[in-house]
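**Student:** Residue-level listing of the chains:
There are 4 protein chains.
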Amino acid sequence: MRQKDNSLRKPVRSKAADDDLLKLEARYCSWGDTVHYSKELNIFDTAEGIYLYDKKGTEYLDLQMWYSAVNFGYRNERLNNALKRQIDKLPQLACQYLHEEKIRLAAKIAGRAEMTFEEKGRVHFNVGGSAAVEDSLKLVRSHTGRNLMFAFMGGYHGRTLGASAITSSYRYRERFGHFSDRAMFIPYPYCFRCYYGQRKETCDMYCIKQFEKLFETEYHSVLNAKTGRCEYGAFYIEAVQGTGGYVIPPFEYFSRLKEILGRYNILLVDDEIQMGFFRTGKLWAIEHFGVVPDIIVMGKALTNGLNPISCVWAKENLISPKVFGPGSTHSTFSSNPLGTAVGLETMKLLEEEGFAVKVPKKGEYFVSRLRQLMKKYPQIGDVDALGLALRIEICENDGYTPNKRLTDAITEIGLSGGLTAGGKKRGLVLDVGGYYKNVFTLAPSLYITEKEIDLAIDLFEEALKKGIAATT
Amino acid sequence: MRQKDNSLRKPVRSKAADDDLLKLEARYCSWGDTVHYSKELNIFDTAEGIYLYDKKGTEYLDLQMWYSAVNFGYRNERLNNALKRQIDKLPQLACQYLHEEKIRLAAKIAGRAEMTFEEKGRVHFNVGGSAAVEDSLKLVRSHTGRNLMFAFMGGYHGRTLGASAITSSYRYRERFGHFSDRAMFIPYPYCFRCYYGQRKETCDMYCIKQFEKLFETEYHSVLNAKTGRCEYGAFYIEAVQGTGGYVIPPFEYFSRLKEILGRYNILLVDDEIQMGFFRTGKLWAIEHFGVVPDIIVMGKALTNGLNPISCVWAKENLISPKVFGPGSTHSTFSSNPLGTAVGLETMKLLEEEGFAVKVPKKGEYFVSRLRQLMKKYPQIGDVDALGLALRIEICENDGYTPNKRLTDAITEIGLSGGLTAGGKKRGLVLDVGGYYKNVFTLAPSLYITEKEIDLAIDLFEEALKKGIAATT
Amino acid sequence: MRQKDNSLRKPVRSKAADDDLLKLEARYCSWGDTVHYSKELNIFDTAEGIYLYDKKGTEYLDLQMWYSAVNFGYRNERLNNALKRQIDKLPQLACQYLHEEKIRLAAKIAGRAEMTFEEKGRVHFNVGGSAAVEDSLKLVRSHTGRNLMFAFMGGYHGRTLGASAITSSYRYRERFGHFSDRAMFIPYPYCFRCYYGQRKETCDMYCIKQFEKLFETEYHSVLNAKTGRCEYGAFYIEAVQGTGGYVIPPFEYFSRLKEILGRYNILLVDDEIQMGFFRTGKLWAIEHFGVVPDIIVMGKALTNGLNPISCVWAKENLISPKVFGPGSTHSTFSSNPLGTAVGLETMKLLEEEGFAVKVPKKGEYFVSRLRQLMKKYPQIGDVDALGLALRIEICENDGYTPNKRLTDAITEIGLSGGLTAGGKKRGLVLDVGGYYKNVFTLAPSLYITEKEIDLAIDLFEEALKKGIAATT
Amino acid sequence: MRQKDNSLRKPVRSKAADDDLLKLEARYCSWGDTVHYSKELNIFDTAEGIYLYDKKGTEYLDLQMWYSAVNFGYRNERLNNALKRQIDKLPQLACQYLHEEKIRLAAKIAGRAEMTFEEKGRVHFNVGGSAAVEDSLKLVRSHTGRNLMFAFMGGYHGRTLGASAITSSYRYRERFGHFSDRAMFIPYPYCFRCYYGQRKETCDMYCIKQFEKLFETEYHSVLNAKTGRCEYGAFYIEAVQGTGGYVIPPFEYFSRLKEILGRYNILLVDDEIQMGFFRTGKLWAIEHFGVVPDIIVMGKALTNGLNPISCVWAKENLISPKVFGPGSTHSTFSSNPLGTAVGLETMKLLEEEGFAVKVPKKGEYFVSRLRQLMKKYPQIGDVDALGLALRIEICENDGYTPNKRLTDAITEIGLSGGLTAGGKKRGLVLDVGGYYKNVFTLAPSLYITEKEIDLAIDLFEEALKKGIAATT
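Residue numbers (the numbering used here), protein chains in the order written: chain A, 1 to 472; chain B, 1 to 472; chain C, 1 to 472; chain D, 1 to 472.
One should not assume that every hint holds.
[Said to hold, decoys possible] Partial list, computed: chain A residues near chain D (C-beta under 7 Å):
id, residue
1, Asn147
2, Glu174
3, Glu218
4, Tyr219
5, Leu223
[Said to hold, decoys possible] Here are a few chain A residues that sit away from chain D, every Cβ distance over 10 Å (derived from the structure):
id, residue
6, Leu24
7, Tyr195
8, Glu216
9, His288
The set of hints was computed from the structure by calculation and includes no laboratory data. We treat Cβ as the ideally placed atom computed from N, Cα and C, and that holds for glycine.
Generate the whole structure from the sequences, applying the supplied hints.
**Tutor:** What follows is the structure, given as structure tokens:
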């Protein structure tokens, strides 16, 4: 599947050139994005399959794949070619006019939703996950007349002002004034660290019962029992939390949640930006949980990272021309032809690749190898996986207390490119998530092989050992 | 500059195929975008230079170029190739890591701003103009502690909830609940239809004086004279209004505005999403007006429409790492490598093409031809241009009363592809803007030739005649 | 009407006692109210008719009467007795239960509105003007589904957070965070200082036409022309501005305003807190202007200042039990029996006293005397009156530039109690209002005699002369 | 203490007169207040001590005393006389000027706070509890720069828009649009019906630990751990919940809460409007719990219901002239002389009456009698008391399931005036509160005698029996 082009892996810049670049960066780039979370700055030059390469040609095995945007591997030939074909055909078109790929992509996605959920619906495009989240907010606000949303602690839905209002971390809001539409954040079923201090074995979903309690009397603040109306229009979920640390909920959780929401006409909006497109072994992660969302938001891997195109799918009653008519919302690049062409090819690829079978299998193998590591290292407090969405929770020796220091050390060791597992100098690219920034959230290429998994495990173990040594 | 590839212009689908597509569209596509503003739906298949082509190979001369996103012509070879090169090199990279093109693009833009405005500053990337507007709002809110903004009547800054709050049209907000950060909208100096009923010759900028009056006493609602603090953090402007109808302000307007804003520490945010990148003959339209903005927002033509990448430039004191540190905001695709690579090539192209000279010249020729038409047709109430941002105001026979019906008729006639000027069947793609939806906002390719301008004029005149006939 | 009880006018405290009190005040009282606007602090001990008395028995002629709360004179015997009777009968009752005076007072007010406006309606009680304004906001928000309101520059509706959002002065909001429901403030027809720089003789109500222009296109920011819906639910007015400086609008202004509001279903809320109860010679000042408000808010003089009871009257369709049912809003003291008893007596008194004839006559005499002064003193830029709501605008020698310094000097001279006009040492109590704090807003007792007016004129002229001397 | 004036208790109106009144009420009174919560409407005519009387002279023993506004008995002679004296002396004075009683009352309250809490502070007056709550919001917003507040489920702080935003019941907000400053509502320690389903004996204050958990990571939504700043400015509490059902928290609860708030600079605002002035046996209920609030809000019983005056006390650093200077907020009637005079007399009375000893004693006797009833009637699920704030929770036969139907029946039986306990026809006035509207919240006069308590118990038991009979 993945092409090999060794010419690309040669050093392209000298150390001095890198230093010059870093000087420019220091002077002209905003540091407001996430680059400077690290003290060491990596400049990457090429990429292929599951690997990134820096100027010296050092190979970095990447276990985060642009936070699950590149599910199908760097420089995936099929998708790259689809993009190139469209460049030569119709690279630009005002979104006020139609082009074939837009229609076919919408039809593929909505057709798939109809098949899976037995619900008619439509697709609305935009660019960037946040913009699609904003579109979903418009659908909800238009349908319910409500500005307020429920969302999860640990949830992440983007960084526009509207998306920040439903994203849990207060750090994202602090300097930006008053957020009039701030969500009510509900504890996510993060059973390893239950918000309520319950144990999964005995709790009988205490957390769901606590949510239900909100509706018991008007004095619990959200319901007018006399009219049956709720102050909140929708519940925004990630079926598996992304930034929150690839946390997988108990399987019955969402069906019980949906049952409560249904009683009070609260919509369920499923943000699949990070977990969609077979990251978890299904097109949408929510499919694991037996519930039908009212709205699905998609982005990232829709184009394998080749174009920021994103979209919402919504049930017909929320989005039919009658209720969401011409001009309801739009953006210049919303259904841009390059994006739709790649997205369409992605959908075709998904129909052919058998990920529904392969991903769970690979995931099982990967997590079984992680479980072996867990037995050896008390610092691994938890590992879990749904498909190829995997998590490793790094703790103190008690296997529970979050250990951000060790997590950071492992990350830096991986990025420094000095690991030797597998017989040559390599780096390891890891993403850190979790409420306490102590969780490695692994999102490898869905094409990863067992051999590559083994190499990943070896590199991780090496980094872990060095990290432990460095922090004790 | 533009390649010719006749193979692409052949019919690619039958009429029946188009009908099938339209059926899919009717069923699976959201109608909430702007496609269904028209009753007739055009499906385009290829594009080149200044032309779009439908399935039958009909050639449409395009005078709107994706609302000024494709300033450098459809399928511009140089920019297309830059995109392809990057696809082969590093098409994907998490924005947490650096790549060369991001840094060089930021340096080019900030360097240019430093040269032009004698102000150090930095560039922050995102995707889509609205998202960059949201980033600018964060910069303003962080710096001023204010949620509220001034903006112009007729102004357009995007469709996220945050951008809708500073975009004048209430239609964009109506169904979406309460907007807590709704801007105060100030009349734009649209002298042809002065909000205050004044005449340009005698008004001595009455409109600016009215704005200044807001600050005369605390009872005018925005100032605490005792502390000198204003309730509003910034003024969002388009130096030339885009959606508002390519309205060009009097040249001294902005310097007088800036002087007032400066007194009360109100920032000036210049939205160049539509007018930037030499649409008006300068990199940024604001350069015509002798003022230094605090923040510039850019998008669209930065990549000639090949990637939705956008950015804000801000003065150092607003965006230095000290005040806008790591994690202030980000988005997955913000500095995506495909976008930065094309943007970088665009900046290089701009350094080489001499648009600063060519665009005004072409604009002058174009507007002189329009002025000839205006003399012939009383229905043309006003024409104006700054560079290749041109406007034609369609009116009743009095040359003043907005005539939306005729405007729509001309547009539909153009899109129907049945014009014959220039000796073959052709279409004409026009964009309608303006407060009364009676303004053709022309944004031709900056590579348009005199001959092509002549053809455009002929096609427009033909459509105008037919339109007049059809509506009287 | 007014009793005389000389025993009360004797000195009741020594100078030392006053100093002790001021020490306590400095330590234990919040300075956040308006007491410390003055540097000199007056402690008053008794009051009668139009006079206040301090500890030394100095007599202060009061021309502001608690900002028009004490329209019927200090210690009005009839109203005092009504209060005492109720104290002895039913001084307390939970507002969940009924008492006769509540019902009779509501019936009197609503009956009067029905007669005057030919509109059925109902009365809802509360305490304090701001709380009644808040109730009116609830009625508007419930009926229109809109959070946003129009209000006037120079308007004042109270100091709760909700009332501050519709009160023009930003000073009242500055330190209190973000106001999500901030009104859009429209220039009031303050013709002496026209916001638009127009002249009354020639303007043909330019200001109304400017307001109307807001609705001309959706790009003017408040209307969706396609649905005919406005973003704003109501327009809050004072028929004659109070704090704004007793400004009297042209007589046709409100009928033209109402006509525009009617087109877009925008409610008209008439705040009569300061101008109601015959201050202007009619029960409600709006009666002068030939329009029917949708809601009237009343307070202050309803009890002659003996109880803070306030109320709203609203048209039946806004307040019928069907749309504003039990529990919509309430407050502990809302229809407190002491307040309703005095209010009821006030309404009876109004039926008997012939103020509709007397007040205009007194007002004419008073303003004619002021006009004489105006001819003598260039520093009096404007005088005007509607009934016994009078204004004197203090200016520089040009008769126009606001002169706050002289205004303050006159005020202090009045409060110092050292005037000698009328043959003994007296003080003069004046209230300062206006956008530039240079307007004396006179609200004398409606029982003021011609002789007392003459004395007031003499005292004012003396203070004016001294003030001019002190400030030049 | 209480005067007897039999003349007042005679029938004053005929049945027909009552019917006429009710017709007027039906037509002219807003039904939006709480009168029509009942289907049967009682019109009361006189009151004395603990009794209300209707037109027929029927005596109603009142166990709610205007929701604790009339702590010192109806027509308390001492307080009534204080009011009358002030009427004869200085009944009206603009609050811009000083009068002795204002200063002395502020000094008494602030002096008492200084003694009790060892904190200097100041008093700011207003009218109505809600308005004082609004003033406290201004103090909090000014000090913290935060619009958002924590408050309790079951909490009640008033009905202005600002107070509704921090009052739990959504019913109070539903029809009034979007509330941008909606509080985050935290479960109150209502141990009889623990929100978390815990048992008091074993929970170790699980609820406090849950609140503390909010601050554990930024992903719990309220804290930026990096800056230590919380999104919420203050926590609004009632030390004993009023409308919520006279719920008394565990004694250590507030000290543990305050410790957490202190860590993040979150203010504690103590709403004593209903529980202050010795209702619980102390001047402020919070005194029972060993914590020092930052702000105290008072109202109701401050004047024994004779004037709506209210106030906030705040710590010096929140309210000193430097941070809360002249003009920060005010209202016409804020420190009205009638209100301050009665308030001052109330404070003197409190110094002399020994309520700190008497109230707990009476409360103990009352609750012991209720406990006897509880043993007899399974329908009494819970009784509790702090001083003379008593609660009776009416349940199904299981002693737990809330029984609103029986509660309503008892209330109506009481109001119907047909009880015969104590040997004559009498009524019983009860107030219903609680999250499920099944709690009698008893607030008898603090002068109630043991004999009167016995009578109250007899009447209650009679009504209870009849209610049980009527509902089974």
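**Student:** None of the hints should be skipped; say for each whether it holds.
**Tutor:** Structure-based check of all given hints:
no.: 1; hint: Asn147; verdict: 5 Å, holds
no.: 2; hint: Glu174; verdict: 5 Å, holds
no.: 3; hint: Glu218; verdict: 5 Å, holds
no.: 4; hint: Tyr219; verdict: 4 Å, holds
no.: 5; hint: Leu223; verdict: 6 Å, holds
no.: 6; hint: Leu24; verdict: 28 Å, holds
no.: 7; hint: Tyr195; verdict: 6 Å, violated
no.: 8; hint: Glu216; verdict: 8 Å, violated
no.: 9; hint: His288; verdict: 23 Å, holds
Hint compliance for this structure: hints 7, 8 are not met, and every other hint is.
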